[in-house]
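There are 2 protein chains.
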Amino acid sequence: MRMRMTLAAATTLAAVALLGWQMGSAGTATLAQEKAAYKAAADPLPSWNDGPSKRAILSFVQDVTTEGGRKFVPPAERIATFDNDGTLWAEQPMYFQLAFMFDRVKALAPQHPEWKDKEPFAAALKGDVKGALAGGEKGLLEMMAATHSGMTTEEFSQTVTDWIATAKHPKTGRLYTEMVYQPMIELLGYLRANGFKTFIVSGGGIEFMRPWTEKVYGIPPEQVVGSSGKLRFEMREGQPALVKLPQVDLIDDKEGKPVGIQTHIGRRPIAAFGNSDGDQQMLEWTASGHGPRFCLIVHHTDAAREWAYDRQSSVGRLDKALDEAASKGWAVLDMKKEWKTVFAFETK
Amino acid sequence: MRMRMTLAAATTLAAVALLGWQMGSAGTATLAQEKAAYKAAADPLPSWNDGPSKRAILSFVQDVTTEGGRKFVPPAERIATFDNDGTLWAEQPMYFQLAFMFDRVKALAPQHPEWKDKEPFAAALKGDVKGALAGGEKGLLEMMAATHSGMTTEEFSQTVTDWIATAKHPKTGRLYTEMVYQPMIELLGYLRANGFKTFIVSGGGIEFMRPWTEKVYGIPPEQVVGSSGKLRFEMREGQPALVKLPQVDLIDDKEGKPVGIQTHIGRRPIAAFGNSDGDQQMLEWTASGHGPRFCLIVHHTDAAREWAYDRQSSVGRLDKALDEAASKGWAVLDMKKEWKTVFAFETK
Numbered sequence: 001m002r003m004r005m006t007l008a009a010a011t012t013l014a015a016v017a018l019l020g021w022q023m024g025s026a027g028t029a030t031l032a033q034e035k036a037a038y039k040a041a042a043d044p045l046p047s048w049n050d051g052p053s054k055r056a057i058l059s060f061v062q063d064v065t066t067e068g069g070r071k072f073v074p075p076a077e078r079i080a081t082f083d084n085d086g087t088l089w090a091e092q093p094m095y096f097q098l099a100f101m102f103d104r105v106k107a108l109a110p111q112h113p114e115w116k117d118k119e120p121f122a123a124a125l126k127g128d129v130k131g132a133l134a135g136g137e138k139g140l141l142e143m144m145a146a147t148h149s150g151m152t153t154e155e156f157s158q159t160v161t162d163w164i165a166t167a168k169h170p171k172t173g174r175l176y177t178e179m180v181y182q183p184m185i186e187l188l189g190y191l192r193a194n195g196f197k198t199f200i201v202s203g204g205g206i207e208f209m210r211p212w213t214e215k216v217y218g219i220p221p222e223q224v225v226g227s228s229g230k231l232r233f234e235m236r237e238g239q240p241a242l243v244k245l246p247q248v249d250l251i252d253d254k255e256g257k258p259v260g261i262q263t264h265i266g267r268r269p270i271a272a273f274g275n276s277d278g279d280q281q282m283l284e285w286t287a288s289g290h291g292p293r294f295c296l297i298v299h300h301t302d303a304a305r306e307w308a309y310d311r312q313s314s315v316g317r318l319d320k321a322l323d324e325a326a327s328k329g330w331a332v333l334d335m336k337k338e339w340k341t342v343f344a345f346e347t348k
Numbered sequence: 001m002r003m004r005m006t007l008a009a010a011t012t013l014a015a016v017a018l019l020g021w022q023m024g025s026a027g028t029a030t031l032a033q034e035k036a037a038y039k040a041a042a043d044p045l046p047s048w049n050d051g052p053s054k055r056a057i058l059s060f061v062q063d064v065t066t067e068g069g070r071k072f073v074p075p076a077e078r079i080a081t082f083d084n085d086g087t088l089w090a091e092q093p094m095y096f097q098l099a100f101m102f103d104r105v106k107a108l109a110p111q112h113p114e115w116k117d118k119e120p121f122a123a124a125l126k127g128d129v130k131g132a133l134a135g136g137e138k139g140l141l142e143m144m145a146a147t148h149s150g151m152t153t154e155e156f157s158q159t160v161t162d163w164i165a166t167a168k169h170p171k172t173g174r175l176y177t178e179m180v181y182q183p184m185i186e187l188l189g190y191l192r193a194n195g196f197k198t199f200i201v202s203g204g205g206i207e208f209m210r211p212w213t214e215k216v217y218g219i220p221p222e223q224v225v226g227s228s229g230k231l232r233f234e235m236r237e238g239q240p241a242l243v244k245l246p247q248v249d250l251i252d253d254k255e256g257k258p259v260g261i262q263t264h265i266g267r268r269p270i271a272a273f274g275n276s277d278g279d280q281q282m283l284e285w286t287a288s289g290h291g292p293r294f295c296l297i298v299h300h301t302d303a304a305r306e307w308a309y310d311r312q313s314s315v316g317r318l319d320k321a322l323d324e325a326a327s328k329g330w331a332v333l334d335m336k337k338e339w340k341t342v343f344a345f346e347t348k
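If you read the sequences in order, they're chains A and B. Start counting the first sequence at 1; every next residue gets the next number (the working numbering). Start counting the second sequence at 1; every next residue gets the next number (the working numbering).
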């Protein structure tokens, strides 16, 4: 009987974790189901091998949830923040939001005949990614402004929703939402089942993530922190609208991450997860609070199942933060050794 | 038996609602208790008279929580936003944050001998509020910068915590946290018990509210939206710190309220509560979404128990929004007629 219950619980857990897709719609009720499933599961992190990272996570969660224990943290203060690109989903061969941007340049080209002769748009339209990015930050900001502003927040959200439902990753041919790390999906659910509130704190665009994070990660829009542009409230055809402006509001990267955390969350996380130098300040900010703290860096070491890169990479460079992890004792996850599964589609 | 249970439930409800003070610390557990108490209570809004506002609230909540009903709204989308000054707590004879600011000017004066001869500080130090505010926005921003920036977010938070624990309202002699409206405390709890997520969206300072909103309203820091200044991440004595800068980041008032809502929450509320023209755009934004919507304006009509003011008031002016409420059919709460109790201390 005991075994049957555990099996049933494990099945429920797998269903909840693998079919995270359905999480968002049911809201509170599903969170309760998620909690029950994780509490009953024999192994709450089945896609993690028994390694130092998994043991450190389990031990930390045990510590902060043990009532009366020396390291107990009240549920309200159990804030965990996650970088997105390279931490929750892949980021190679380029940040997925750039793929979205290039697709938008192509989609909008008919309304901009001048782009044919104007860089970086001309290169982008020929599918020449390197050429389009050769203009550096200035060219990138031009393309971002052209594709990420001028419309209402609701129009932009619909565009993202349509794109994410159909666009495919250039290497795997999978939907981008299938390029999420199965072990991290389990970790998010495990933390929530233990009273944590999980937040995304990403350099990616806040409005680019919000339309799908609830379905994919179980993280609602109000728990997504990201880079943002300014907004203007105005009347459009007699209806109130919020229009996306080309001016930058927050670059939620490096020093911007603790700023984004304070602005949106208003308290310091007790756990933070990242994978690059862009996450260094978030990890420092988290680690330097009082009481028990947990910081982890995802180290991309698996060239076969994913990608292997760190100090020399132009995408997700991990250099200074890797040194600091060693000196400060932050956990460094070896993806190749410590993850049994990387993507859920591997096991199908 | 039935009656005894109802009485017990009502007692629990009263304990939860009146002693909201204890809410924050226990987090999730207390939210569960709160839900149970409200569900079991015979009357979830005991400080409200049976009037049009109470009936409209009960009917709206019934509609959006009836599964299978035409107006059902999934829990994840049950977002309710509340203005603070004049909606959740009083705002006369001046916004309470101004009282804090004047007290800070006095406390910091020894470090600023030059203030004795410099307006608006000189007037503020003499206790001449009118004189100190005579300089208009420029003088006010100078005093705000002097009292609300330069320190770390944690230092500022501690200053607010100390002040709010001791400062007294000039007319009632009560703590400012006792100047909250008992019917609104009940309403917040009632909405949460029905799956709503409650947010503050206030023109007041976000960092001024966060240190006490969880205890007083059951609203955690991450659900507080307010006006904010820019922050800078830096190392102070080898430790990471967030320093409050004198530059304005967001004025969360009028057109700024829908902007603050989108930036922090990322979805449109289905219910919004305000009391002044500063809330008009938040109410418009809320009302113009698809599906069932609820908008309410607190009309200050009770000169005996609170204050009576609207179109001519310099604090919390309610003029255009009152006209729009009439034309759009938003609920307008008549405080004198519809609230049995205004402040909890009345009944003690």
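No lab work stands behind these hints, which were simulated from the structure alone. Any given hint could be a false lead.
Straight line, CA to CA, 30 Å or less: simulated DSS-like cross-link-like pairs of lysine-lysine [stated by the list, open to error]:
hint	chain 1	residue 1	chain 2	residue 2
1	A	K254	B	K230
2	B	K35	B	K106
3	B	K215	A	K35
4	A	K35	B	K35
5	B	K320	A	K230
6	A	K71	B	K106
7	B	K138	A	K35
8	B	K35	A	K215
9	A	K230	B	K35
10	A	K138	B	K230
11	A	K230	B	K106
12	B	K254	A	K230
13	B	K35	A	K71
14	B	K71	A	K215
15	A	K320	B	K230
Since the model is a prediction, treat every value here as computed from it, not as a measurement.
* Satisfaction of hint between K35/A and K138/B, Cα-Cα up to 30 Å -> 52 Å, violated
* To do: Assess, step by step, whether the Cα of K35/B is no farther than 30 Å from the Cα of K106/B, and give holds or violated.
  => Violated, at roughly 43 Å.
* Are K35/B and K215/A close enough, with their CA atoms no more than 30 Å apart? -> 26 Å, holds
* To do: For the pair we were handed, K320/A and K230/B, check the Cα-Cα distance against 30 Å.
  => At roughly 27 Å apart (the allowed maximum being 30 Å), K230/B and K320/A satisfy the hint.
* **Satisfaction of hint between K230/A and K254/B, Cα-Cα up to 30 Å** => Holds - the C-alpha atoms of K230/A and K254/B are around 16 Å apart, at most 30 Å.
* **Proposed proximity, K230/B with K138/A (alpha carbon, max 30 Å)** => 24 Å, holds
* **Given hint K230/B paired with K254/A - CA-CA distance at most 30 Å** => 16 Å, holds
* To do: Would you mind confirming whether the straight-line C-alpha gap from K71/A to K106/B stays at or under 30 Å?
  => 40 Å, violated
* Asked: Is the Cα-Cα distance between K215/B and K35/A 30 Å or less?
  -> 26 Å, holds
* Asked: Are the Cα atoms of K35/A and K35/B separated by 30 Å or less?
  -> 18 Å, holds
* 30 Å Cα cutoff - pair K230/A, K35/B -> With Cα atoms ~38 Å apart, K230/A and K35/B exceed 30 Å; violated.
* Is it true that the CA of K35/B sits at most 30 Å from the CA of K71/A? -> 28 Å, holds
Hints 2, 6, 7, 9 and 11 from the earlier list are contradicted by this structure; the remaining hints agree with it.
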